[in-house]
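**Student:** These protein sequences, in sequence, are chains X and E. Residues in the first sequence are numbered from 2 upward in steps of one, following my numbering. Residues in the second sequence are numbered from 2 upward in steps of one, following my numbering.
Mixed in with the good hints there might be a few duds.
[Unchecked claim] Simulated pairs of lysine-lysine, DSS-like, Cα-Cα distance not exceeding 27 Å: (1) Lys295(X) to Lys279(X); (2) Lys81(E) to Lys191(X); (3) Lys279(E) to Lys252(X); (4) Lys279(X) to Lys96(E); (5) Lys308(E) to Lys48(E); (6) Lys252(X) to Lys53(X); (7) Lys252(X) to Lys240(E); (8) Lys252(X) to Lys82(E); (9) Lys258(E) to Lys254(X); (10) Lys197(X) to Lys271(E); (11) Lys308(E) to Lys252(X); (12) Lys271(X) to Lys254(E); (13) Lys258(X) to Lys48(E); (14) Lys271(E) to Lys321(E); (15) Lys252(X) to Lys254(E); (16) Lys122(X) to Lys191(E); (17) Lys124(E) to Lys271(X); (18) Lys240(X) to Lys308(E); (19) Lys179(X) to Lys57(E); (20) Lys122(X) to Lys252(X); (21) Lys96(E) to Lys139(X); (22) Lys240(X) to Lys81(E); (23) Lys139(X) to Lys254(E); (24) Lys46(E) to Lys240(X); (25) Lys275(X) to Lys48(E); (26) Lys83(X) to Lys96(E); (27) Lys328(E) to Lys240(X); (28) Lys81(E) to Lys57(E); (29) Lys252(X) to Lys271(E); (30) Lys271(X) to Lys176(X); (31) Lys176(E) to Lys271(X); (32) Lys139(X) to Lys46(E).
[Stated by the list, open to error] Pair ranges (Cβ atoms, derived): (33) Gly140(E) to Lys84(X): 29 to 39 Å; (34) Lys254(X) to Ala187(E): 21 to 31 Å; (35) Lys81(X) to Asp152(E): 51 to 61 Å; (36) Glu188(E) to Glu285(X): 39 to 49 Å.
Because the hints were derived from the structure by calculation, they are not lab data. Backbone N, C-alpha and C define an ideal beta-carbon position, used for all residues, glycine too.
Protein chains: 2
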Amino acid sequence: MNQKTVIALDAMGGDYAPFEQVKGAVEAINSREDIIIHFFGDEAKIKEELGKYTYKEDQVRITHTTEEINCNEAPAIAIKKKKDSSMVVGIKSVKAGECDAFISGGSSGAVLVGGQVLVGKLKGVKRAPLAPLIPTAKGVSLLIDCGANVDARPEHLVQFAQMGSIYMENVVGIKNPKVAIVNIGAEEAKGNALVKETYPLLKECQGINFVGSIEARDIPSGDADVIVTEAFVGNVILKLMEGLASTLISKIKEGMKSTVRSSIGGLLVKPALKETLKTFDATEHGGAPLLGLKGLVVKIHGSATSKETKNAIFQCVAFKEERINEKIQEYLTPDQNA
Amino acid sequence: MNQKTVIALDAMGGDYAPFEQVKGAVEAINSREDIIIHFFGDEAKIKEELGKYTYKEDQVRITHTTEEINCNEAPAIAIKKKKDSSMVVGIKSVKAGECDAFISGGSSGAVLVGGQVLVGKLKGVKRAPLAPLIPTAKGVSLLIDCGANVDARPEHLVQFAQMGSIYMENVVGIKNPKVAIVNIGAEEAKGNALVKETYPLLKECQGINFVGSIEARDIPSGDADVIVTEAFVGNVILKLMEGLASTLISKIKEGMKSTVRSSIGGLLVKPALKETLKTFDATEHGGAPLLGLKGLVVKIHGSATSKETKNAIFQCVAFKEERINEKIQEYLTPDQNA
C-alpha cells in the first residue's frame with residue numbers, strides 16, 4: 002500500500018480541458034500524498050494551468066502529445082491513426098504499466114475502443130462493460146453496461162453482474178450488493194429473449210446476490226445496487242435520466258419565475274433545492290469505469306468539472322487499493338489462481 | 002358524423018373502479034351529446050355510482066358481467082377462461098361492432114392480449130403496438146411500441162412509424178409529425194442490429210417525415226413527435242420517465258420542507274409548481290391506444306382518475322371521427338382500396 006497510485010490524465014479531453022482537469026488534479030494531490038498525476042497533452046497549456054496553483058512538483062508528470070481526438074471522429078480510426086494523441090499515448094501508459102489508470106473526458110467512443118484495443122481484457126473476460134454510477138433516492142446504483150458493444154449474449158450479462166458486484170462491494174462499500182436485471186415486469190417469465198435466457202443463469206450464479214427483475218420505474222428509487230442490462234438499454238436509461246432530470250428541473254425553475262409570488266418563494270427554496278439536487282448529481286461519484294481490462298480506464302463527462310475529475314482520481318485510487326482487477330481475475334478464473 | 006360514438010367502458014378495471022370510471026363517463030356525456038357510454042361490470046355497483054349524478058339516460062347502457070380479471074392473473078389464460086368478465090365481454094362488443102372503442106384501466110397484459118386475440122388486427126398489420134403519449138417540454142410525443150410483444154423485427158418498426166404518424170397527425174393534430182428511431186447515437190452507423198436494419202427502411206419509407214435517430218436524452222425535450230422503438234426499450238422509457246419524475250418531485254418537495262425558510266418558500270411556489278407539473282402529466286391526454294386493430298382498444302392507468310377516463314373517451318371519439326383505422330388500412334394496403 003506504500004506505493005503511490007499513478008493516474009494518467011487526458012489533459013485535452015473535455016469541454017473545459019485542460020482548465021478543469023488541472024484544477025481537479027491539483028485538488029487531488031493537495032489532499033493526498035500517495036497520488037501522482039501524469040498529464041498527457043499540450044505541455045505548454047498544461048504548464049500554464051499548473052502555474053496558477055501551489056502543489057508538490059514530485060506529484061506531477063507531463064508527457065507532451067501533439068494530437069487530439071475529437072468527438073466527431075470515428076473512434077476506431079482515430080485510435081489507430083492518431084498515435085500521438087493524448088488519448089492513445091495516455092492509454093498506452095496503462096498498458097505498459099507506467100500508470101495505474103487512465104481518465105478522460107474526451108470522445109466516449111474513443112475511450113471505449115482505446116481501452117479495449119490498447120489495454121486489452123483480463124483473462125476470461127468476454128466483454129468490457131462501461132459501468133457508471135447513477136444517482137438514486139437511496140444513494141447510487143451501478144448501471145452495467147452502458148458502453149458501445151450492443152447485442153450482448155447471456156454470458157456477457159452474467160459477467161457484468163459478477164464484475165459489478167465486486168466493484169460495488171469494494172469501491173463503493175455496499176456489502177452484498179443487490180443485483181437485478183432490467184425487465185418489463187417482475188415475473189421470471191417476462192422479458193425479451195435475452196432476459197429470459199439470462200435470468201436463470203443469474204439465479205444459479207454463485208457469489209452474487211441476485212434479487213430478480215427490476216422494472217425501469219423502480220431504478221430511481223434505488224431498489225437494486227447493481228443494475229444489469231445490455232448496452233443499448235443501459236445507454237437509453239443513462240441518457241434518459243440525464244435528459245429528463247434536466248428538462249424537469251429547468252421547467253420547475255421556469256415555473257418558479259412565472260409570478261411575483263412564486264419568484265419570492267423560489268428565492269427562499271433555492272438553497273434547499275440546491276442541496277436536494279446535489280444528491281441527484283452523478284458527478285459526486287467520479288466517472289464511469291470500463292471494467293474487466295488489464296488496467297483501469299475511466300470515462301468522465303465531456304462537461305466534467307474539477308470536482309468530477311478529482312472524484313474520478315480518488316475512485317481510481319480505491320480501485321487499485323481494493324485490488325479490483327485481481328478480485329475479478331480470481332473470481333472469473335478461480336482454477337488458474339488456485 | 003351524425004352517428005353517435007359508443008364507448009365500451011370497463012367499469013371494473015382500475016384501482017378506483019367503478020367510482021372514477023362512472024364519474025369520468027358522466028362528465029363526458031354531459032359535455033357532448035354524441036357519445037353513448039356502454040358500461041361493462043357489476044350492474045348494481047354501476048347503478049349505485051350513476052345514482053349520484055344527473056345525466057341523460059339514453060346516453061348510458063349497462064351490460065352486467067359477473068367476473069373480473071385482476072392484475073396477478075396470466076393474461077392469456079384469464080382472457081380465455083373468464084368469459085363473463087367485464088374485459089372479455091366489453092372487448093367482444095367492439096369486435097361485434099356494437100361499440101366503437103373499449104377503454105380499460107385493468108390488467109395491461111389482459112388488455113393487450115384481449116385486444117389482439119378478441120378484436121384482431123387490421124389487414125396488413127403485422128403487430129398491434131401500444132402507443133402512449135408521453136409529456137415533453139414542448140407538449141406530447143407518441144412512444145410506439147410500449148406493449149408486450151418484444152423482440153420486434155424491422156418491418157414491425159416501419160409499420161409503427163406509419164401508424165404513429167397517422168395517429169399524431171389526425172388525433173393529436175400535429176401536421177407532418179417528425180418520426181425518429183431511438184438510438185444510442187445520432188449517426189446512421191450506430192445502434193444495435195435491429196436499429197441498423199430499420200434505419201434505411203424508415204429513410205426510404207414514403208409518407209412519413211423521418212428525421213433520423215433520437216438519443217434518449219433528447220426525448221424529454223420533445224425533439225420528435227413519433228418515437229419509434231421496440232417494446233422492451235419503449236417500456237423501459239415509459240416506466241423510467243414515470244419513476245424518475247415521481248422520485249425527483251418527491252425529493253424536491255421533501256427538500257422544500259427541510260428548513261423554515263424553504264417551507265415558507267415552498268408554500269409560495271406551490272401554485273406555480275403545480276401548474277408546471279401539470280404540463281408533465283400524461284393523464285391530460287387520455288390513454289394509450291393499441292393501434293392496428295379492427296376497432297379501438299385503449300389502456301388507461303390503473304390509477305386513472307375521472308379526468309383521465311373522460312379524456313380517453315374524447316380520444317376515442319376523435320379516433321372514430323378522424324377515421325384512423327380507415328386511414329391506416331388505406332395506407333398499409335393501398336392496392337386493395339384503390
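**Student:** Now look at each hint and say whether the structure bears it out.
**Tutor:** So, going through the hints one by one against the coordinates:
1. Lys295(X) to Lys279(X): 34 Å, violated
2. Lys81(E) to Lys191(X): The given pair, whose Cα atoms are some 19 Å apart, holds under the 27 Å limit.
3. Lys279(E) to Lys252(X): OK: lysine 279(E) and lysine 252(X) at ~11 Å, within 27 Å.
4. Lys279(X) to Lys96(E): 53 Å, violated
5. Lys308(E) to Lys48(E): 20 Å, holds
6. Lys252(X) to Lys53(X): Between lysine 252(X) and lysine 53(X) the Cα gap is close to 38 Å, so the pair fails against 27 Å, i.e. violated.
7. Lys252(X) to Lys240(E): 20 Å, holds
8. Lys252(X) to Lys82(E): 48 Å, violated
9. Lys258(E) to Lys254(X): 17 Å, holds
10. Lys197(X) to Lys271(E): Not satisfied, since the Cα-Cα distance of roughly 45 Å exceeds 27 Å.
11. Lys308(E) to Lys252(X): Judged against 27 Å, a Cα distance of about 23 Å means the pair holds.
12. Lys271(X) to Lys254(E): Distance of about 12 Å is within 27 Å: holds.
13. Lys258(X) to Lys48(E): Not satisfied, since the Cα-Cα distance of roughly 47 Å exceeds 27 Å.
14. Lys271(E) to Lys321(E): 39 Å, violated
15. Lys252(X) to Lys254(E): 15 Å, holds
16. Lys122(X) to Lys191(E): 23 Å, holds
17. Lys124(E) to Lys271(X): Measuring from Cα to Cα gives roughly 57 Å; hence the hint is violated.
18. Lys240(X) to Lys308(E): Not OK: lysine 240(X) and lysine 308(E) at ~32 Å, beyond 27 Å, violated.
19. Lys179(X) to Lys57(E): Violated, at roughly 56 Å.
20. Lys122(X) to Lys252(X): Between lysine 122(X) and lysine 252(X) the Cα gap is close to 44 Å, so the pair fails against 27 Å, i.e. violated.
21. Lys96(E) to Lys139(X): Outside the cut-off at roughly 48 Å; violated.
22. Lys240(X) to Lys81(E): 40 Å, violated
23. Lys139(X) to Lys254(E): With Cα atoms ~16 Å apart, lysine 139(X) and lysine 254(E) stay inside 27 Å; holds.
24. Lys46(E) to Lys240(X): 46 Å, violated
25. Lys275(X) to Lys48(E): The given pair, whose Cα atoms are some 51 Å apart, is violated under the 27 Å limit.
26. Lys83(X) to Lys96(E): Violated: lysine 83(X) and lysine 96(E) sit about 64 Å apart, past 27 Å.
27. Lys328(E) to Lys240(X): Given pair lysine 328(E), lysine 240(X) is violated - Cα atoms ~35 Å apart, limit 27 Å.
28. Lys81(E) to Lys57(E): Violated, because 35 Å separates the two Cα atoms, which is more than 27 Å.
29. Lys252(X) to Lys271(E): 14 Å, holds
30. Lys271(X) to Lys176(X): With a Cα-Cα distance of about 35 Å, the restraint between lysine 271(X) and lysine 176(X) is violated, given a limit of 27 Å.
31. Lys176(E) to Lys271(X): Cα-Cα ~40 Å, so violated.
32. Lys139(X) to Lys46(E): Measuring from Cα to Cα gives roughly 42 Å; hence the hint is violated.
33. Gly140(E) to Lys84(X): 29 to 39 Å: Since glycine 140(E) and lysine 84(X) have Cβ atoms about 49 Å apart, the given range 29 to 39 Å is violated.
34. Lys254(X) to Ala187(E): 21 to 31 Å: Holds: the Cβ-Cβ distance is about 27 Å, inside 21 to 31 Å.
35. Lys81(X) to Asp152(E): 51 to 61 Å: 35 Å, violated
36. Glu188(E) to Glu285(X): 39 to 49 Å: At roughly 31 Å between Cβ atoms, glutamate 285(X) and glutamate 188(E) fall outside 39 to 49 Å, so the hint is violated.
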